[in-house]
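Undergrad: These are the residues of each chain, in order.
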Amino acid sequence: MNIIVVCGCLKNPTEIGYKPHQAVAFSHKTHAGKMKINCRYCHYTVDMAANASLPSAQSCIDCHRVFEKDNPKLTLVYDSMKKGNALVWNRVCNLPDFVYFNHSIHIKNGLDCAVCHGQVETMKQTYLAIEFSMAWCLECHQPEDINPETSKVASSTDCSTCHR
Amino acid sequence: MEKFKNNMHSHNNKNIDNRPDSIEESSGFQKYVKRNFPDNAEDILNDPPRRRFLKTMAASLCLSGFTSCGQPPEGDKIISNPNQPHSAFSGLKKQFITAMELGGSANGLMVDSYNGRPIKIEGAPDHPSSLGAASLIAQASLLDLYDPHRDYKPIQKIDGQNIERSWEETHEFIKKHFSEINERQGEGFYILSETTSSLIVKDMRQRLTKAFPEVKWFEYESVSQDNQRDGARLSFSFPVRSYAHLDKADIILALDSDAFDSNPDALRLSQGFSQGRNAGSESMNRIYAVEPRMTSIGAIADHRLPLAACHIQHFLLALIAELFYKQNVKPNMFFLNLVEPVKRFLNHPFDKKWLSALAADIAKNPGKSAIITGATQPPIVHTLTDVINGIMKNDKTVTYSLDLEPERPSYTESISELSGDIESGKVDTLVILGGNPAYDAPVDLDFGALLEKIPTSIHLSLYRNETSILSKWFLPRSHYLEAWDALRAYDGTYTMAQPLIEPLFNGKSASQLLAYIIEDEITSDRDIFRRALKKIFNFGSFEANLTKWLHDGTIPNTRYEPFGPWFNNLEIQLAIEKIPDEMPQLHENNLEIIFYPDSKIHDGRFAHNSWLQELPDSLSIISWDNTALISLQTAQKLNIQTGDIIILEYKGRSLITPACIMPGQANNSIALAMGYGHTAPGLLSNSVGFNANVLRTKDALNFDAGLSIKKTGRKYLFAVSQDHFTFGTEDQNKQNTQSFTPIRGTVLEKYLSDPTIFGKNDQAEKQFNPKTTNCQWGMVIDLNSCIGCNACIVACQAENNIPAVGREEIIQNHQMHWLRINRYFYGDIQSPGVIYQPVACVHCQEAPCEETCPTHAATHNAEGVTQVVYNKCEGKQECSRKCPYHVLHFNHRDHHAEIKNVEKMLFNPEVTVRPKGIMEKCTYCIRRIEQAKIDASNNGQKIKDGAIVPACAQTCPTNAIVFGDINNPDSQVSKLRQNNRAYTLLDELKTKPRTQYLAHLRNPNPEIG
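Chains A and B supply the protein sequences, listed in that same order. So in the numbering used here the end of the first sequence lands on 164, straight run, no missing numbers. So in the numbering used here the end of the second sequence lands on 1009, straight run, no missing numbers.
Don't read these hints as lab results, they were simulated from the structure. For glycine and all other residues, C-beta sits at the position ideal for the given N, C-alpha and C. Some hints could be false.
[As the list claims (entries may be wrong)] Derived SDA-like pairs (lysine to any residue); straight-line CA-CA distance at most 25 Å: (1) B:K93 <-> A:N109; (2) B:K77 <-> A:T75; (3) B:K933 <-> A:H163; (4) A:K108 <-> B:G940; (5) B:K933 <-> A:C140; (6) B:K872 <-> A:Y127; (7) B:K364 <-> B:F334; (8) A:K11 <-> B:D76; (9) B:K77 <-> A:G17; (10) A:K108 <-> B:Q941; (11) B:K933 <-> A:F101; (12) B:K933 <-> A:N109; (13) B:K916 <-> A:L95; (14) B:K93 <-> A:C42; (15) B:K77 <-> A:C42; (16) B:K94 <-> A:C42; (17) B:K944 <-> A:L95; (18) A:K108 <-> B:K872; (19) B:K364 <-> B:V747; (20) B:K77 <-> A:Y127; (21) B:K77 <-> A:W89; (22) B:K94 <-> A:V46; (23) B:K933 <-> A:T157; (24) A:K108 <-> B:V747.
[As the list claims (entries may be wrong)] With beta-carbon atoms standing in for the labels, derived distance ranges: (25) A:C63 <-> B:N939: 30 to 36 Å; (26) A:C140 <-> B:D970: 29 to 35 Å; (27) A:S133 <-> B:Y152: 41 to 47 Å; (28) A:L138 <-> B:N938: 20 to 26 Å; (29) B:S753 <-> A:L138: 55 to 61 Å; (30) A:S27 <-> B:I536: 55 to 61 Å; (31) A:D70 <-> B:L550: 40 to 46 Å; (32) B:D894 <-> A:S133: 24 to 30 Å; (33) B:L550 <-> A:S27: 39 to 45 Å.
[Unchecked claim] Chain B regions said to be covered by chain A (calculated; three or more residues, Cβ under 8 Å): (34) 492-505; (35) 907-916.
Work out the full structure, taking the sequences as your base and the hints as a guide.
TA: Have a look at this one:
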């Protein structure tokens, strides 16, 4: 098991299975899988803004002041809230700076988080489930007039849609 | 290159030294390297690093090989807040209302904040002074917020040594020092403040006077409306503020007017002008301008008379005489006694035809004319302006209000009194709140030398400027985007200023410093603000009111009291009788010098701002400099050409400056912009331009005769971005024009008799044949509304992360502005008219750049926006060579490579920051289009007309730029495209541009022609 973790960690940040080590051992498997907490409970800006923001330490503590409050894994989170130092996470899903992706329009159009992020509710330590390449974006985004059979989303494939 | 090869060859042939290094010592190689690798020239030329480079490369290859099997690669970090601020979250732009004050008048602003940092400034739509527009200065002030040249710590000067102090140490010093002063009731304690309408400074001033009864408070502004105040004092025995309503005026007479330039009400005046212009209709207004140098309103006037500044009062008197005696205007009871004294001015030296045509026009339109005068004209001219407006019953077009502080002495009197007190040793401690008196006080006061005499001088300032260096203490001041304030707009409306960010450079506001001095119980900016506001507006629920005021930006119904004018006719009569018959005679040995505030950097306080410095002046097209403007005729007499370095000599003082021949400049008048030629070390403004203040004495702050010019025989190279003297012809339309004229225009009369004179853009309609139901974006720019204010250029620069490249790069024609304003003169070279044409990428549908791009980086999208895809661009510059509009810009350098972290906060995160070697151009603000599409989709609506406003159109005070969907026949832009005046730029080339222009119309008086 250890070997797999190390290998995941060693992958390039754009490769499937990239699994960076996190300072807080947060498990999506427990929260999203076992507890069935909706993704949008924590990543609540996902349907309003371009970014699906990270929850603040305060929102972790909102629940954890009752549950598992003595769990040593939460020390850093308590510290963050009390002392005001920000929690630093290693980014799992990353896009190049010249790509301007917007979460809100995808969520509002009914796309499931799992389409891009994989089965997060099964991940004990979060890893990259899909390689975010332009070709992968275009698997869905194909103009109807080019390929009516495979086009899933009638959407603009102009460069300017994502590159500005 | 050839030379370089030869050099190589000769080395080999002569076999002097065949080491490869010797090539690098040759001057040809050095030149070659410097030319082609300006950034890295030093590294390449210093030989060892080159060899070291190979070694390093080898080592890093090893390392990277090692890395790939040993350590995990470093990914990006993301940070979560300890506490989520209410309603503020990542990835969404938020807008806040605030205000910026300049010269005692506040303009309401709307600031875009992204992840807690302000990134773009726009005008507040509901503010009475800004009306949705922001001046170029307000927009560029964002750059000052993040400027790493601002000092972070208080600096104390002891025996010429600069010692950095912490605020705690400074606080200790203030406490100790002012408790001593307090014991002697504040004797010897002086304050010099820049003028402010701030409610909280006023409140702190009252508290200060209570704590130090003997304290003396002075105010100084180098550029002010004092002449207008003094003129009103003579007209009405009371200083009042005047407001022109140009939208209601059919005839506008502008006398040396700063209406669109440095006037505190400029944005409202500009908008009024464009609303009343009604180009193409019978009711089109007519503008006359009489002025010594070309101003923004004079440039676009229908008739313009260049006249020396000192002759304008006689011109006005002649006009009044003409109205009374030739046009038989009946004076009402106020002006009966003026009829006789003006009779002697009937015999005048001015253009008789011109003056009587103007008088007839004014007489024919009683109550519908507006006479406006610039701040540089003396009080008597303002009085005469009030008189003509009174005679013509212009009570709708020009209104007045009471002034806030009728007792305030003029700024010149104020600083003179202070200088006298310093001279006589009365001043023990001087606290200077903002400003830069050592630079801009009248030169005969020698304020800098006086400042050094004061035992304790403290300067609170955004930058460590000339005054800070001569003061014993420099304290960093907070930027207006870092502080709370309640200010007053030009019309008196209370305007809220709220901070967008915590002070980045550890600055304190003026009221905070005063709180330290009086040992106030509260020293937080916010608490001082709330306390002062509560004192005056303590009604209802204060918290609820405050929330509403901060949301709206203003406190309603707080304008100054309106003032219905009654005239002080006896005083006016006396003043007129004192004016001599003869005008001052000007000639080549007795020239007139005119000082005027620069349209970009004002009195010099924005000289540190690279965006503003880089802007080309709207008339001379010179950036990074000021020059002595001189008329063609005077230049010929003195044998001066543009670029000659001359010596201006006036009252025993002299200034070396380059000259620039300016069409439309009055003969024998030399105009010099203020604000340049700073000397404070370490700042960007250091040695940019020439300091006009060294000639500016307290008796002649605006203009005076007695100047002479000497030539030096040396030449100066200006950074210009458009050729000088681009003369179009006056009458350009489809029929009579040659091909390839970028501007079209004619006179109103011709247009009304034949509306299809511009060929009715049937070709444009044919060109636009969309097969889709998509939105199709297009833009229309009205040449009649553009006043060349340059605000759009700064808006574009801020929105799209466009760098300022510096003087040297501009000289090499490497400027990066996506949008430029072409200035075309037409008509007589002595007094030409000006047509401004904003040109950015016109988004051709048959774009030459697309056809020629070898990597297909230039494309156009399904909605008609042409774009350069940065990832695909290889910098071959083919597109730039083929573009007939010259709107593609190449990054010759990595302009963003060496910027500090704090400057990176300025970037708009929605727009890519382009590196060296990339082509870029206007994108129609594609990020705003995409955002509007996303918002519309999320809300399940269609994009409404007007929902997308590019940065340039958003800030345009005259609404000259309209953007929208041309596939929607009901959109504003579609309707404008149907206008008879619509034309496409260089349509002979059949590039089918999406941006169209509305042809220029002029409304001349047929009697003048």
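Undergrad: Determine for every hint whether it applies to the structure shown.
TA: Here is what the structure says about each hint:
1. Between K93 (chain B) and N109 (chain A) the alpha-carbon distance is near 21 Å, which keeps this suggested pair within the 25 Å criterion.
2. For the given pair, K77 (chain B) sits about 20 Å from T75 (chain A) by alpha-carbon distance, which is consistent with the 25 Å threshold.
3. A distance of roughly 15 Å separates the Cα atoms of K933 (chain B) and H163 (chain A); the hinted pair therefore holds under the 25 Å criterion.
4. Using a Cα cut-off of 25 Å, the hinted pair K108 (chain A) and G940 (chain B) holds, with the two alpha carbons roughly 9 Å apart.
5. For the hint linking K933 (chain B) to C140 (chain A), the alpha-carbon distance of about 19 Å falls within 25 Å, and the restraint holds.
6. Proximity of K872 (chain B) to Y127 (chain A) is assessed by CA-CA distance (about 30 Å); at most 25 Å being required, the pair is judged violated.
7. About 21 Å separates the Cα atoms of K364 (chain B) and F334 (chain B), which keeps this hinted pair within 25 Å; it holds.
8. A C-alpha spacing of about 14 Å is found between K11 (chain A) and D76 (chain B), which places the hinted pair at or below 25 Å, so the restraint holds.
9. Restraint check for K77 (chain B) and G17 (chain A): satisfied, since their Cα atoms lie roughly 18 Å apart, inside the 25 Å limit.
10. A C-alpha spacing of about 13 Å is found between K108 (chain A) and Q941 (chain B), which places the hinted pair at or below 25 Å, so the restraint holds.
11. Distance hint between K933 (chain B) and F101 (chain A) is fulfilled; the C-alpha atoms sit about 13 Å from each other, no more than 25 Å.
12. Restraint check: the Cα-Cα separation between K933 (chain B) and N109 (chain A) comes to about 13 Å, which is no more than 25 Å; the hinted pair holds.
13. Straight-line distance between C-alpha atoms of K916 (chain B) and L95 (chain A) comes to about 22 Å, which keeps the hinted pair within the 25 Å bound.
14. Annotation: proposed proximity of K93 (chain B) to C42 (chain A) holds, straight-line Cα distance about 20 Å (limit 25 Å).
15. For the suggested pair K77 (chain B) and C42 (chain A), the alpha carbons sit about 18 Å apart, so the restraint of at most 25 Å is met.
16. For a cut-off of 25 Å, the pair hint linking K94 (chain B) to C42 (chain A) stands: about 21 Å separates their Cα positions.
17. Taking the CA atoms of K944 (chain B) and L95 (chain A), the gap is about 31 Å. The hint is violated against a cut of 25 Å.
18. Restraint check for K108 (chain A) and K872 (chain B): the C-alpha separation of about 31 Å exceeds 25 Å, so the hint is violated.
19. Taking the CA atoms of K364 (chain B) and V747 (chain B), the gap is near 21 Å; set against the 25 Å cutoff, the hint holds.
20. A hinted pair counts as satisfied when its Cα atoms are at most 25 Å apart, and K77 (chain B) with Y127 (chain A) qualifies at roughly 15 Å.
21. Distance hint between K77 (chain B) and W89 (chain A) is fulfilled; the C-alpha atoms sit about 6 Å from each other, no more than 25 Å.
22. For the hint pairing K94 (chain B) with V46 (chain A), the CA-to-CA distance comes to about 16 Å; that is within 25 Å, so the pair holds.
23. About 14 Å separates the Cα atoms of K933 (chain B) and T157 (chain A), which keeps this hinted pair within 25 Å; it holds.
24. Between K108 (chain A) and V747 (chain B) the alpha-carbon distance is near 54 Å, which puts this suggested pair outside the 25 Å criterion.
25. Here the CB-CB span from C63 (chain A) to N939 (chain B) is close to 32 Å, well matched to the stated 30 to 36 Å.
26. Roughly 34 Å separates the CB atoms of C140 (chain A) and D970 (chain B), a value that falls within the hinted 29 to 35 Å.
27. A hinted range of 41 to 47 Å holds for the C-beta pair S133 (chain A) and Y152 (chain B), which are about 44 Å apart.
28. As the Cβ distance of L138 (chain A) to N938 (chain B) is approximately 23 Å, the hint placing it in 20 to 26 Å holds.
29. Between S753 (chain B) and L138 (chain A), the C-beta spacing of about 58 Å keeps the proposed range 55 to 61 Å intact.
30. At roughly 57 Å, the beta-carbon separation of S27 (chain A) and I536 (chain B) lies within the given 55 to 61 Å, and the hint holds.
31. In this structure the hint that D70 (chain A) and L550 (chain B) lie 40 to 46 Å apart at CB holds, the actual value being about 43 Å.
32. Take D894 (chain B) and S133 (chain A): their Cβ atoms lie about 27 Å apart, and the range 24 to 30 Å holds.
33. As the Cβ distance of L550 (chain B) to S27 (chain A) is approximately 43 Å, the hint placing it in 39 to 45 Å holds.
34. Figure legend: the segment 492-505 of chain B, annotated as covered by chain A; annotation inconsistent (0 residues with Cβ-Cβ distances under 8 Å, at least 3 required).
35. Using a Cβ-Cβ cut-off of 8 Å, 3 residues of the segment 907-916 of chain B lie near chain A, which meets the minimum of three, so the contact claim holds.
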